[in-house]
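Peer 1: Sequence:
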Amino acid sequence: MKGVLVLLFLGGAFSSSWMVEYPQKETCALKGSSVILPCYYHYPESLVVEGVKWGHKENFFDGPFIYDSELNQTSSRFTYSGDKNHNCSLRIDQVEDGDAGKFAFRFITNSDDGKFTGEEGTMLKIGDLRISVVKAKGNDVIKEGDSASLTCTSSCDGGEPSPFIWLKDGEVVHNGSVLNLTDMSSTHSGNYCCTYNGATSGGIRIDVEFGPKNTKVEVYPSEEVDEGTNVTLICNSHANPAVMNYTWFKKHRNNVTVLGEQHKYSFEKFSQSDDGQYFCRSTNKHGSSNSSDVTVKVKVPPTKFSAKLIVILSCVVILVLLVVTSVAAKIKFCKNRITSTETDCEEETQDNIYVNLPDFVKSQSQEQTRNDSYIVYTPVQLKRKSDMEEQTDSHDESDSVIYSVVCRPKPLSLSDVEPSRHQTSI
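For the sequence shown, the positions run -15 to -1, 1 to 411 when mature numbering (1 follows the signal peptide of the UniProt record, and there is no 0) is used.
Calculated from the structure, these hints are not laboratory results. Keep in mind that this is a model prediction, so the values were computed, not measured. Mixed in with the good hints there might be a few duds.
What the hints assert, rightly or not - Only pairs whose alpha carbons sit at most 30 Å apart, straight line, appear in this in silico DSSO-like list of lysine-lysine: (1) Lys270 x Lys198; (2) Lys282 x Lys320; (3) Lys282 x Lys236; (4) Lys100 x Lys87; (5) Lys122 x Lys254; (6) Lys87 x Lys128; (7) Lys120 x Lys236; (8) Lys254 x Lys236; (9) Lys110 x Lys198; (10) Lys87 x Lys10; (11) Lys201 x Lys236.
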């Protein structure tokens, strides 16, 4: 009040120049949002502003202040967005319920008496976002196929327009104040909330109920077991609310037998008499669902006859494989041997034997032709082709030369020629 009284005694021209102006007498902010309290101030131009302060709830003169430029201990949620000229606006982040009430601005100049507080102040109201749900059928429970409408409203009217945003389980699903859900299914279940101007509403749970679905039977340890094994059948199903009752059935020919009502059905020492088709039924308040049939049976052990047959067949197969392998090896060996012999013969046919017969021998041959009873034997001189070529050059051109190609296992020498019974020297 001292500052106010001092200003009252100042001259009219001087006092009229000291003023704090609040454009909005009342401001509404949503809880969790950010808000700016606009403010302007005036003072004599000859003075210089040295300090600015904001007070809350009657702490406007002596403090404590929510913001003080001369201190560094004020809350980080309050930020002075003005200056030391004429703008004195205050920004409040993460608005809380305790922020509601009156705020006032105070500034200090370089004059001893140059202090002023805009005691009129501005009011801050705290609002919130609300979600309302309208169900198409008016039921308390939402079931598959139903429709619902979610509306987001703010208790703070006016201010700058800002879009409403809908989130489901933290993910944005719609922009706008109204969210319509049609032909609902289990995928629509989740936590919904809306945001507006940085504020977030409380969450609402949408729970779509439905009857059992995807009912199936699980068999442990397996669907085909050794006789005497413990077997457990488990019935699983997806439903909302959860399945209230399970029923087990066994099919035998055209008859269906009810076995019991429990989640698990167990056999101790499963036997062939337990062989058969089994299925289960799951039920809740919205309906029931049957699983498909599962065949559970005892493994059939092999008989003695079949065991002997397997042994015999195995022996026959092994014997056949041995015979085939042996025959194949023998055929391959014979082929290699024939190929080797042909190769040797081809190499030996390259050796040529040349025999020279003098003219008188040919004349004797002609006489022999005329007289069959007279036979003349003459020695044959066998030579290699290279030797024959040299000898041919040394004989007269009248000598007759006969070439014979002989295939033999080894080269033939003169010692291999048997002497004739009647030798005639050449």
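Peer 1: Does the structure keep Lys110 and Lys198 at a Cα separation of 30 Å or less?
Peer 2: Not satisfied, since the Cα-Cα distance of roughly 51 Å exceeds 30 Å.
Peer 1: Could you grab the alpha-carbon distance between Lys282 and Lys320 and see if it respects the 30 Å cut-off?
Peer 2: violated, 59 Å
Peer 1: Does Lys254 lie within 30 Å of Lys122 when you go C-alpha to C-alpha?
Peer 2: At roughly 53 Å apart (the allowed maximum being 30 Å), Lys254 and Lys122 break the hint.
Peer 1: Please verify whether Lys254 and Lys236 have alpha carbons no more than 30 Å apart.
Peer 2: holds, 20 Å
Peer 1: Lys100 and Lys87 were given as a pair; does the straight-line alpha-carbon distance stay at or below 30 Å?
Peer 2: holds, 20 Å
Peer 1: Starting from Lys270, check that the Cα of Lys198 is at most 30 Å away, please.
Peer 2: holds, 13 Å
Peer 1: Given the hint that Lys282 pairs with Lys236, test it: the Cα-Cα distance must not exceed 30 Å.
Peer 2: Roughly 13 Å between the alpha carbons, so the hint for Lys282 and Lys236 holds.
Peer 1: Given the hinted pair Lys87 and Lys10, is their Cα-Cα distance within 30 Å?
Peer 2: Holds, because 10 Å separates the two Cα atoms, which is no more than 30 Å.
Peer 1: Within a Cα-Cα threshold of 30 Å, do Lys87 and Lys128 meet the stated pairing?
Peer 2: violated, 49 Å
Peer 1: Against the 30 Å threshold, does the CA-CA distance of Lys120 and Lys236 hold or violate the hint?
Peer 2: violated, 44 Å
Peer 1: Does Lys236 sit within 30 Å of Lys201, going by the straight-line distance between their CA atoms?
Peer 2: holds, 16 Å
Checked against the numbered hints above, the structure violates hints 2, 5, 6, 7 and 9; every other hint is satisfied.
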